[in-house]
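**Q** Kindly generate the complete structure, drawing on both the sequences and the hints.
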Amino acid sequence: MISPESETALASIIKTSRTPFKVQGGGTRPIGTTSATSILSTSGLKGVELYEPGALTIVAKAGTPLAEVEHVLAAEGQRLAFEPMDHRGLLGTDGTPTIGGVVAGNVSGPRRIQVGACRDFLLGVRFVDGQGNIVKNGGRVMKNVTGYDLVKLMAGSFGTLGVLTEVSLKVLPKPKSTGVLLLEGLSDEQAIQALSKALGSPFDVSGAVHVTKGLDGSPVTMIRLEGFENSVEYRADKLGKLLDQFGNFSLETDADKTAAGWKWVRDVVPFQGREGDIWRLSVKPTDAPGVVDSLGDTEALYDWGGGLVWLFVPKNSKISASDIRHAVSHVGGHATLIRGNAETQTFQPLPETLEVLQAGLRRQFDPQGLFNPGLMGAKK
Amino acid sequence: MEMPEPDPSILKRKPEIIRRLKDILSADAVISDLSETRAYECDALVAYRCPPMAVVLPATTQEVSDVLMLCHEMGVPVVPRGSGTSLAGGALPTRDCVILGVARLNGVLETDYENRFIRVQSGRTNLSVTGAVEDEGFFYAPDPSSQLACAIAGNIAMNSGGAHCLKYGVTTNNLMGVTMVLMDGTITEIGGAYLDAAGLDLLGLICGSEGQLGVVTEATLRILRKPEGARPVLIGFDNNEVAGACVSDIIKAGVLPVAIEFMDRPCIRATEAFAGAGYPDCEALLIVEVEGSDAEIDEQLGIILEIARRHNPVELRESTSAEESAKIWLGRKSAFGAMGQINDYMCLDGTIPVSQLPYVLRRIGEMSREFGLDVGNVFHAGDGNMHPLILYDANKSGDLELCEDFGAEILKLCVEVGGCLTGEHGVGIEKRDLMSHQYAPEDLEIQMAVKDVFDPQWLLNPAKVFPLTSSQSRRVA
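Those sequence lines, one after another, are chains S and A. Okay, so the first sequence: first residue is 1 according to the working numbering, each after it adds one. Okay, so the second sequence: first residue is 1 according to the working numbering, each after it adds one.
Please note that a few of the clues may not be correct.
Unchecked claim - Estimated spans, in silico, between C-beta atoms of each pair: (1) A:Leu305 with S:Gly369: 56 to 62 Å; (2) S:Gly77 with A:Ala295: 21 to 27 Å; (3) S:Lys238 with A:Glu134: 17 to 23 Å; (4) A:Asp452 with S:Thr33: 26 to 32 Å; (5) S:Ser329 with A:Glu442: 34 to 40 Å; (6) A:Glu134 with S:Val269: 36 to 42 Å; (7) S:Gly340 with A:Arg362: 55 to 61 Å; (8) A:Asn106 with S:Gln245: 36 to 42 Å; (9) A:Arg104 with S:Ser38: 53 to 59 Å; (10) S:Asp216 with A:Leu305: 43 to 49 Å.
Claimed, not checked - Listing some non-contacts, in silico: residues in chain A with all C-beta distances to chain S over 12 Å: (11) Lys226; (12) Leu305; (13) Thr469.
Hints in this document: simulated from the structure, not taken from any laboratory. Just so it is clear, CB atoms sit at the ideal spot from N, CA and C, and this is done for glycine as well.
**A** Structure (structure tokens):
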């Protein structure tokens, strides 16, 4: 494994390399496969470069452990609002998740429904392209339309366009309290209806989840509210009334319990350590229950009000990748294989025109095909 | 501001080009008469004008595709145009170009309250998107001050912001999908009514690409439920530095206002003379607005006021009624008009780290004396998005150039302190030649390499965004 300790060292490695790299941060999120075997890691590029709590901005080198970033922010009562998940439990990996890895995967948790994804908080990047050039885009200010937005492009590009060396992010204050409305026993359709109603209310919902099998085996629907204590109580009361047709929601406000509950959702704990494939489907929320139902024998965790479906397909199931892809593209959306057969294409195949644009961009950023060949888009 | 010389071989073929455009569009959708193209000679950067060769107003995505395919085949540059409200010259024509206006594409295609999105044609105005959903209690969040006139197409091209983006984000954070036509006429769809489109984030790349990568004809936009209420407070200070510290303390306290607006003394005085909003005559004024139920608003404002008091404000004004709220906003909303009544002005939108606010304001004051031009500052303080308004006299020879030089110095200052040239207006032609102050040649090269993928011949809005010397070899190739 090569893990240079400076941006310039990284650039000169890339400049002189003729063999492709498997690009990674801490290596805890091995989503998809590449034909490259030589690992190029950013874990040697460490450190928070700048943190201004009053400006809600943090700048860190790509290999900075995520835990360190979160620790620094917590000391000032702030956080990464997009709630990046920890993939280690689900993918059975160990190692240290890095902030660069979060950005490369556009890793965004339950709060994405309210505040946006990682890409929405990413203010600037520095990276090394496939020719060994050090490139910067964006900056450290919250509004920036100076030139093309390569910042968004780099988020979620899984290391296929360049090797991130530094990222700057917008952060947000941590709310004083959290309340979670809970209801057991709803069908998937009812639950999504309830969540849609909650998300379409003025009560600022920061998490909207339905699990077909909760801790005790029955379906559970959860709605999260965050803010000042009185405000959480007020909104919980209003939402309870708004949703009374679905049943009586109970309210949990214990800080430890609510935090643990949302970590359980964020890290997809119910599917951890079980034999089978795990898919991540992005669809229109009201289409989600139909898609899941049409596939048959699966378990689903609906996040983002139904817009994100974590799907568990048990081992030896007859449901194929193409069944899933077909069900999703039939209603509009896409499916990513997060854990499963390495022969299956990880990402949803794109329409021809987009495939051509994507391949064209990759050629421009990485003309020699040094970064993660075979990952994302590239045809088998 | 330099623009490239028109290509004589294109100008020579004008009759043929017009004839072929008329073959594919209805007669009233092709404008080539000089008296009629006048309306398209400039956008809101009125200091620069140029008649286009022709203007086309297609009414469908297919017509947009037909026009682009033809122009692609004939090698004719195309300048896309929303409503022409760009402050950066994003829609400025060249003499050899066809202006492609999307004004006739203004329909609502789908509204879905359960899934919280609206799909519209891109010529629809920003405010009328909210207009289409407000009866159900929803709104479209990005609110550029030109929202009555500006089109969604232009909002996407420039990644427009607004006063409330501290909480709701800018266009790119509210855009879920587009139908876009590439320069060769290919119609493509990216994203849709679901979150995070598949593959590389092309949606994020297109948003803010200033009409250089494709022409967006339809957009899927996120809509939100309106908050129960909103209320502003006005806080006056006798010192910019203290006002800046107050902004920073409010943000640190964990309250997230929807807007924090800042005005300096020259701007306060101008708006008072113009609108009479009853603002105090002080050095710096903040308007902070929060949302929620009455009780929630009271709680948040309580915290904000307590912080403000610690900074010894000269004025603290809480609104107790809708009229009082309107009066607090009145001066801010009339600021541009007020400055415009004094003289011609140039409005910049460089963005800086909030911590640099006091220093940058002091430097702008010093430069104002050096250049002999007055400047007022009004801006979105929560996110450091400045709006210095430099006053000049368009009828006085040399004044515009002096103003532009002054503006360039302010923008260079913004970059120097860790900020950027433009926070929400875009580069266009206005800041094109300053790009090399923010970006190294490699940074610009890879951006231009992106355009090569979408538009290899550099026919779409070619003379914008990048310094002409940097893009020269690609434009003439």
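**Q** Next, verify each hint and record whether it holds.
**A** We went through each hint and held it up to the structure:
Remark: the range hint 56 to 62 Å for Leu305 of chain A to Gly369 of chain S is upheld by a beta-carbon distance near 59 Å. Here the CB-CB span from Gly77 of chain S to Ala295 of chain A is close to 23 Å, well matched to the stated 21 to 27 Å. A hinted range of 17 to 23 Å holds for the C-beta pair Lys238 of chain S and Glu134 of chain A, which are about 21 Å apart. Under the hint 26 to 32 Å, the C-beta atoms of Asp452 of chain A and Thr33 of chain S, about 29 Å apart, fit the expected range.
Restraint check, Ser329 of chain S to Glu442 of chain A: a C-beta distance of roughly 38 Å satisfies the suggested window 34 to 40 Å. For the hinted restraint 36 to 42 Å between Glu134 of chain A and Val269 of chain S, the CB-CB distance of approximately 41 Å keeps it satisfied. Here the CB-CB span from Gly340 of chain S to Arg362 of chain A is close to 59 Å, well matched to the stated 55 to 61 Å. Remark: the range hint 36 to 42 Å for Asn106 of chain A to Gln245 of chain S is upheld by a beta-carbon distance near 38 Å.
Distance hint check for Arg104 of chain A and Ser38 of chain S: the Cβ-Cβ separation is about 55 Å, which falls inside the suggested range of 53 to 59 Å. As the Cβ distance of Asp216 of chain S to Leu305 of chain A is approximately 47 Å, the hint placing it in 43 to 49 Å holds. Once the 12 Å rule is applied to beta carbons, Lys226 of chain A is inconsistent with being away from chain S; the minimum gap is 6 Å. Every beta carbon of chain S lies more than 12 Å from that of Leu305 of chain A, the smallest distance being close to 15 Å; the non-interface claim holds.
With a least beta-carbon separation of about 16 Å from chain S, Thr469 of chain A lies farther than 12 Å from that chain, consistent with its non-interface assignment.
When the structure is compared with the earlier hints, a violation turns up for hint 11 alone.
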